[in-house]
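Residue numbers (full-length UniProt numbering), protein chains in the order written: chain A, 1 to 440; chain B, 1 to 326; chain C, 1 to 279.
Rather than coming from a laboratory, the hints here were simulated on the basis of the structure. Some clues are possibly wrong.
[Stated by the list, open to error] Simulated restraints on C-beta separations:
#1 S49/C - D345/A: 48 to 56 Å
#2 Q64/A - P194/C: 57 to 65 Å
#3 G186/C - N237/B: 17 to 25 Å
[Claimed, not checked] Think about it this way: if two alpha-carbon atoms lie no more than 25 Å apart in a straight line, the pair counts; the simulated DMTMM-like pairs of lysine to aspartate or glutamate are:
#4 K187/A - D179/B
#5 K73/A - E224/C
#6 K426/A - E95/B
#7 K230/A - D227/B
#8 K426/A - D88/B
#9 K5/C - D227/B
#10 K230/A - D88/B
#11 K276/A - D179/B
[Said to hold, decoys possible] Stretches of chain B that chain C covers, calculated by requiring three or more beta carbons in the stretch to come under 8 Å of a beta carbon on chain C:
#12 42–52
#13 73–85
#14 282–288
Just so it is clear, CB atoms sit at the ideal spot from N, CA and C, and this is done for glycine as well.
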Amino acid sequence: MRLRSLVAAAAVTALGISLAACGGSDSGDSSGGSSGGDQTLTYWASNQGTSLDNDKEVLTPVLQKFTQETGIKVNLEVIGWNDLQTRIQTAITSGQAPDVVNIGNTWAASLQATDAFLPFDGEAMDAIGGKDKFVPTALATGGKEGTDPTSVPLYGLAYGMYYNKAMFAAAGLQPPKTWEEMVAAAKKLTNPAKNQYGMALAAGSYTENVHFAFINAAQNGADWFDKDGKPTFTGDGQVQGVLRYLDLMQKDKVANPSNAQYDNGTKSVNDFATKKVAMIINQNNANSSIAANGMKSSEYGVVPFPAPADAANQTASHVAGINLSIFKNTKNKDAALKFVKFMTDPGTQATLGKPFASLPVLKDAKPVFTDNAEEAATFQDIYNTKSKPLPLVPAEDQYESTVGKAMNAMFAKIATGGTVTADEVKAALKTAEDQVAASS
Amino acid sequence: MSVATTDAPADAAKPARSRRAGPERRPGLSRWLPYLLLAPAVLLELLIHIIPMLVGIWMSFVKLTKFYIANWSAAPWAGLGNYKVAVDFDNAVGEGLLKSFGVTIAFSLITVALSWTLGMAAAVALQPPFRGRSWVRTLFLVPYALPAYAGILTWNFMLQRDTGIVNHILVDNLGLASDRPFWLLGGNALVSLITVAVWKLWTFAFLTLMAGLQSIPRDVYEAAAVDGAGNLRQWRNITLPSLRPVNLVLVLVLFLWTFSDFNTPYVLFGTAQPPAGDLITFHIYNASFLTWNFGSGAAMSVLLLIFLMIVTGIYLFVTGRRSRRA
Amino acid sequence: MRETKGFKIYRGVMLAVLGLFVLIPLYVMITSSLKPLADVQGAFTWWPSNLTVEPFVEMWKTVPLARYFVNSTIVSVAATVFSVAIAILAAFAVSRFRFRGRTVFTTTVLSTQMFPGVLFLLPLFLIFVNINNSVGVQLVGTRLGLIITYLTFSLPFSIWMLAGYFDSIPRELDEAALVDGCGPMGALGRVVLPAARPGVIAVAIYSFMTAWGEVLFASVMTTEANRTLSVGLRQYSTQTNVYWNQIMAAALVVSIPVVIGFLLAQRHFVAGVTAGAVK
Numbered sequence: 001m002r003l004r005s006l007v008a009a010a011a012v013t014a015l016g017i018s019l020a021a022c023g024g025s026d027s028g029d030s031s032g033g034s035s036g037g038d039q040t041l042t043y044w045a046s047n048q049g050t051s052l053d054n055d056k057e058v059l060t061p062v063l064q065k066f067t068q069e070t071g072i073k074v075n076l077e078v079i080g081w082n083d084l085q086t087r088i089q090t091a092i093t094s095g096q097a098p099d100v101v102n103i104g105n106t107w108a109a110s111l112q113a114t115d116a117f118l119p120f121d122g123e124a125m126d127a128i129g130g131k132d133k134f135v136p137t138a139l140a141t142g143g144k145e146g147t148d149p150t151s152v153p154l155y156g157l158a159y160g161m162y163y164n165k166a167m168f169a170a171a172g173l174q175p176p177k178t179w180e181e182m183v184a185a186a187k188k189l190t191n192p193a194k195n196q197y198g199m200a201l202a203a204g205s206y207t208e209n210v211h212f213a214f215i216n217a218a219q220n221g222a223d224w225f226d227k228d229g230k231p232t233f234t235g236d237g238q239v240q241g242v243l244r245y246l247d248l249m250q251k252d253k254v255a256n257p258s259n260a261q262y263d264n265g266t267k268s269v270n271d272f273a274t275k276k277v278a279m280i281i282n283q284n285n286a287n288s289s290i291a292a293n294g295m296k297s298s299e300y301g302v303v304p305f306p307a308p309a310d311a312a313n314q315t316a317s318h319v320a321g322i323n324l325s326i327f328k329n330t331k332n333k334d335a336a337l338k339f340v341k342f343m344t345d346p347g348t349q350a351t352l353g354k355p356f357a358s359l360p361v362l363k364d365a366k367p368v369f370t371d372n373a374e375e376a377a378t379f380q381d382i383y384n385t386k387s388k389p390l391p392l393v394p395a396e397d398q399y400e401s402t403v404g405k406a407m408n409a410m411f412a413k414i415a416t417g418g419t420v421t422a423d424e425v426k427a428a429l430k431t432a433e434d435q436v437a438a439s440s
Numbered sequence: 001m002s003v004a005t006t007d008a009p010a011d012a013a014k015p016a017r018s019r020r021a022g023p024e025r026r027p028g029l030s031r032w033l034p035y036l037l038l039a040p041a042v043l044l045e046l047l048i049h050i051i052p053m054l055v056g057i058w059m060s061f062v063k064l065t066k067f068y069i070a071n072w073s074a075a076p077w078a079g080l081g082n083y084k085v086a087v088d089f090d091n092a093v094g095e096g097l098l099k100s101f102g103v104t105i106a107f108s109l110i111t112v113a114l115s116w117t118l119g120m121a122a123a124v125a126l127q128p129p130f131r132g133r134s135w136v137r138t139l140f141l142v143p144y145a146l147p148a149y150a151g152i153l154t155w156n157f158m159l160q161r162d163t164g165i166v167n168h169i170l171v172d173n174l175g176l177a178s179d180r181p182f183w184l185l186g187g188n189a190l191v192s193l194i195t196v197a198v199w200k201l202w203t204f205a206f207l208t209l210m211a212g213l214q215s216i217p218r219d220v221y222e223a224a225a226v227d228g229a230g231n232l233r234q235w236r237n238i239t240l241p242s243l244r245p246v247n248l249v250l251v252l253v254l255f256l257w258t259f260s261d262f263n264t265p266y267v268l269f270g271t272a273q274p275p276a277g278d279l280i281t282f283h284i285y286n287a288s289f290l291t292w293n294f295g296s297g298a299a300m301s302v303l304l305l306i307f308l309m310i311v312t313g314i315y316l317f318v319t320g321r322r323s324r325r326a
Numbered sequence: 001m002r003e004t005k006g007f008k009i010y011r012g013v014m015l016a017v018l019g020l021f022v023l024i025p026l027y028v029m030i031t032s033s034l035k036p037l038a039d040v041q042g043a044f045t046w047w048p049s050n051l052t053v054e055p056f057v058e059m060w061k062t063v064p065l066a067r068y069f070v071n072s073t074i075v076s077v078a079a080t081v082f083s084v085a086i087a088i089l090a091a092f093a094v095s096r097f098r099f100r101g102r103t104v105f106t107t108t109v110l111s112t113q114m115f116p117g118v119l120f121l122l123p124l125f126l127i128f129v130n131i132n133n134s135v136g137v138q139l140v141g142t143r144l145g146l147i148i149t150y151l152t153f154s155l156p157f158s159i160w161m162l163a164g165y166f167d168s169i170p171r172e173l174d175e176a177a178l179v180d181g182c183g184p185m186g187a188l189g190r191v192v193l194p195a196a197r198p199g200v201i202a203v204a205i206y207s208f209m210t211a212w213g214e215v216l217f218a219s220v221m222t223t224e225a226n227r228t229l230s231v232g233l234r235q236y237s238t239q240t241n242v243y244w245n246q247i248m249a250a251a252l253v254v255s256i257p258v259v260i261g262f263l264l265a266q267r268h269f270v271a272g273v274t275a276g277a278v279k
């Protein structure tokens with residue numbers, strides 16, 4: 001009988017079609033710009049710390065400080081990487097967007113192409129403190145060359161080669177300076193019979209994979225797009241660069257085939273932190289994960305990701321990191337600019353650098369993400385002098401997904417006992433190139 | 001519960017009811033009452049299904065790439081351009097779609113066949129009462145009751161190469177292989193996908209067939225037994241024909257569900273989906289959201305919809321004709 | 001069927017094989033949820049190295065699971081109640097009246113089951129945004145938006161199932177109610193609904209399960225404010241660790257209400273599904 005009356009009541013309501021009356025409107029807080037004088041910014045932050053809640057804990061006092069200084073309230077939502085891209089897409093599509101958003105800096109040129117973001121032209125740039133305060137390579141990731149950037153750097157990251165000091169000492173090894181030395185060291189530390197490997201690779205993560213395709217090709221002096229933004233994936237430098245990285249598992253066998261299943265960087269970092277492997281190549285935000293898994297910063301060293309002895313150049317990383325963008329349709333442009341200025345001022349950078357393990361994006365700032373001075377100096381040197389931005393073209397996002405996924409598939413083939421030749425790499429890259437060409 | 005004997009689902013929609021009862025006796029009201037009763041359903045269907053669908057079809061005819069998604073009205077008309085790219089199998093995009101389509105066909109056919117077989121096998125095994133029958137039945141229904149993502153996540157954990165139970169049993173306990181196989185990449189990914197899908201689906205087949213079996217009177221079997229028919233013959237001559245109307249609907253429903261299954265590949269593989277696990281809805285999702293080409297994604301979806309409609313139409317036509325002949 | 005020896009062997013084998021197939025994942029889920037993190041990161045073991053309930057404690061902290069639980073509950077319950085109510089009205093119309101557009105309605109509604117979700121995901125999002133801009137009802141990022149979406153998802157199958165069920169109820173019963181002076185709605189409330197109780201329960205369970213388990217639309221339509229469990233569970237793979245033991249614990253906890261509800265009402269579900277399906 002209870003069921004019947006419940007259903008009957010619901011039926012009556014339904015007939016009235018007053019659907020709006022069924023509650024739920026209590027949570028309309030995440031909407032876009034609020035109107036008029038009510039100064040509340042909506043800010044979407046990416047996941048930088050150990051969990052979404054951890055990010056919130058770290059950011060909340062910082063945002064409170066901003067509110068105290070300016071009277072502008074900030075509505076924070078931390079979004080995991082799984083969801084961030086989709087959320088930004090739907091925000092762009094619908095115009096129902098936050099005021100300020102974090103983006104992976106590699107997406108900058110792609111997102112710029114949507115025309116949904118505020119360009120930091122002369123005036124806007126001055127409002128946030130002028131372009132001269134930023135590290136030039138970091139600011140270069142903000143958008144296509146020769147245009148006003150639509151994003152500015154917030155957290156800097158760079159790849160470094162982490163090595164376990166004790167394991168290296170036990171094997172009588174020195175930190176490698178060239179690719180060849182790295183492979184030799186890794187081989188010495190590998191013993192498949194004991195399930196022991198020199199390195200761990202995030203070989204199932206297409207974003208990690210594409211970064212290494214990029215860096216290795218850069219070391220060969222090769223670019224993935226020509227001056228007109230057309231994809232050029234099949235050159236010798238690209239093919240050999242990709243193959244060199246694949247060979248860590250295929251020819252040199254210094255990585256566990258299981259790594260083909262590592263679909264994010266966390267898993268390889270875990271292997272390193274729990275001392276299953278002696279080396280990883282990872283961005284410096286690995287530090288917080290390493291520490292969380294109980295490894296002290298004195299137990300490992302970092303050197304630049306080494307290039308082959310005969311390399312065309314010594315690129316050791318792409319300019320990695322997180323940028324900050326303002327949605328063009330914001331109703332709080334001035335407040336948003338103030339917020340960007342605040343987030344990129346030296347004080348805030350110093351506060352956030354440690355918990356998020358990020359490098360400063362400001363010229364004169366010192367890295368605070370580690371208590372290990374040597375490591376800090378190494379990463380800052382990589383970031384400031386040995387990094388190259390990923391292709392700053394609108395099709396960058398497709399480059400990441402097509403080339404990255406092609407590498408996933410090739411690693412899978414190697415892991416399951418197959419071999420991948422240079423010709424097959426070339427064919428796979430050709431397919432990726434066609435896909436990018438077809439949809440741009 | 002009484003069970004009528006018409007066949008296909010569409011038949012539920014056919015009018016042809018001769019015995020009309022009371023409600024129509026008040027002509028004034030009864031003319032408007034049905035529409036009033038349908039109004040909420042119609043409005044919601046329009047809002048959530050029909051209108052978005054039409055917008056989706058429109059999207060398939062425009063060049064809706066990242067250059068235009070912030071400002072739809074500026075997107076140039078693409079005509080059949082998106083469709084041409086999708087079905088140009090010499091081109092990387094069309095080739096990818098074709099492969100994904102092939103994988104999906106294989107996946108659906110095998111999954112439906114296995115689910116139906118297991119469901120039937122279990123329903124028959126549980127047909128005669130025995131002690132503990134209701135417990136077994138309850139247990140068998142758990143995979144269906146479990147939220148899809150919870151079950152799939154568990155399978156993902158089980159199928160890990162180094163830490164999963166599957167390899168532990170196969171390699172460590174049974175020693176069937178010396179090298180640990182991968183289950184979530186390479187060709188095995190399809191096997192895993194099918195296993196997980198069958199695990200969720202067979203119990204629905206079981207549940208439906210079991211209910212169908214209950215409506216077959218016992219004395220039919222008894223009569224056949226008197227005639228000397230063995231169990232296998234009874235199954236072929238009595239069970240199978242009696243379940244025909246159930247089977248017709250069941251197989252169609254299973255097929256439509258598996259063919260447009262999104263959850264299984266999405267939760268099982270995440271961003272690292274291998275080519276052998278590239279089911280079509282997931283493929284389209286990636287084509288839309290990963291490459292930001294929503295026009296092209298919409299065109300692929302429309303093609304998928306047309307395909308499903310044709311298959312369903314043929315299925316209903318063929319089965320409808322056959323049952324009339326029978 | 002007679003219980004010959006052959007049949008008994010067949011039954012034994014089937015029960016063993018299918019029982020294992022069903023049970024092993026459940027076993028893994030339960031035991032892994034009681035393992036320390038180191039156990040689930042190493043090689044699989046049949047039994048925890050030491051039994052711990054820590055994952056069940058920690059899981060509420062790693063991810064704001066409680067909030068997602070509340071969201072999922074509100075969304076699913078509301079979607080179910082409205083879906084059932086609306087389906088009853090529509091099914092009653094379809095089953096008891098003959099009117100112009102009836103076939104169009106039933107065929108259209110049923111064919112929406114074939115629409116691939118990816119096709120109308122983005123348009124639906126846009127329509128919600130437009131509703132917000134023009135009418136001011138916030139549908140994106142709210143529970144209301146999810147409720148409306150999910151209740152519509154289960155509607156076609158529910159209407160179809162209930163119409164089948166109503167058809168199986170003799171019209172003479174309606175007749176009697178009308179003679180007693182009830183209107184058609186009275187006949188629905190006093191005669192048809194009570195007789196169709198199993199069908200209604202079946203439809204309710206179906207709607208609830210649809211809403212509780214939906215992933216695709218939740219991944220796009222939810223924000224922190226209305227995130228549901230289906231999306232929330234993914235957050236256990238954080239930047240630091242993949243907490244498999246907590247994932248299993250959480251999966252278990254979010255499954256329990258649905259599984260228990262379903263198993264308690266399974267009889268009705270079976271009856272309801274078949275009435276619709278066999279009809």
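To see whether the hints hold, each was checked on the structure:
no., hint, verdict
1, S49/C - D345/A: 48 to 56 Å, "49 Å, holds"
2, Q64/A - P194/C: 57 to 65 Å, "58 Å, holds"
3, G186/C - N237/B: 17 to 25 Å, "47 Å, violated"
4, K187/A - D179/B, "21 Å, holds"
5, K73/A - E224/C, "18 Å, holds"
6, K426/A - E95/B, "17 Å, holds"
7, K230/A - D227/B, "78 Å, violated"
8, K426/A - D88/B, "22 Å, holds"
9, K5/C - D227/B, "19 Å, holds"
10, K230/A - D88/B, "21 Å, holds"
11, K276/A - D179/B, "20 Å, holds"
12, 42–52, "holds (count 9)"
13, 73–85, "violated (count 0)"
14, 282–288, "holds (count 3)"
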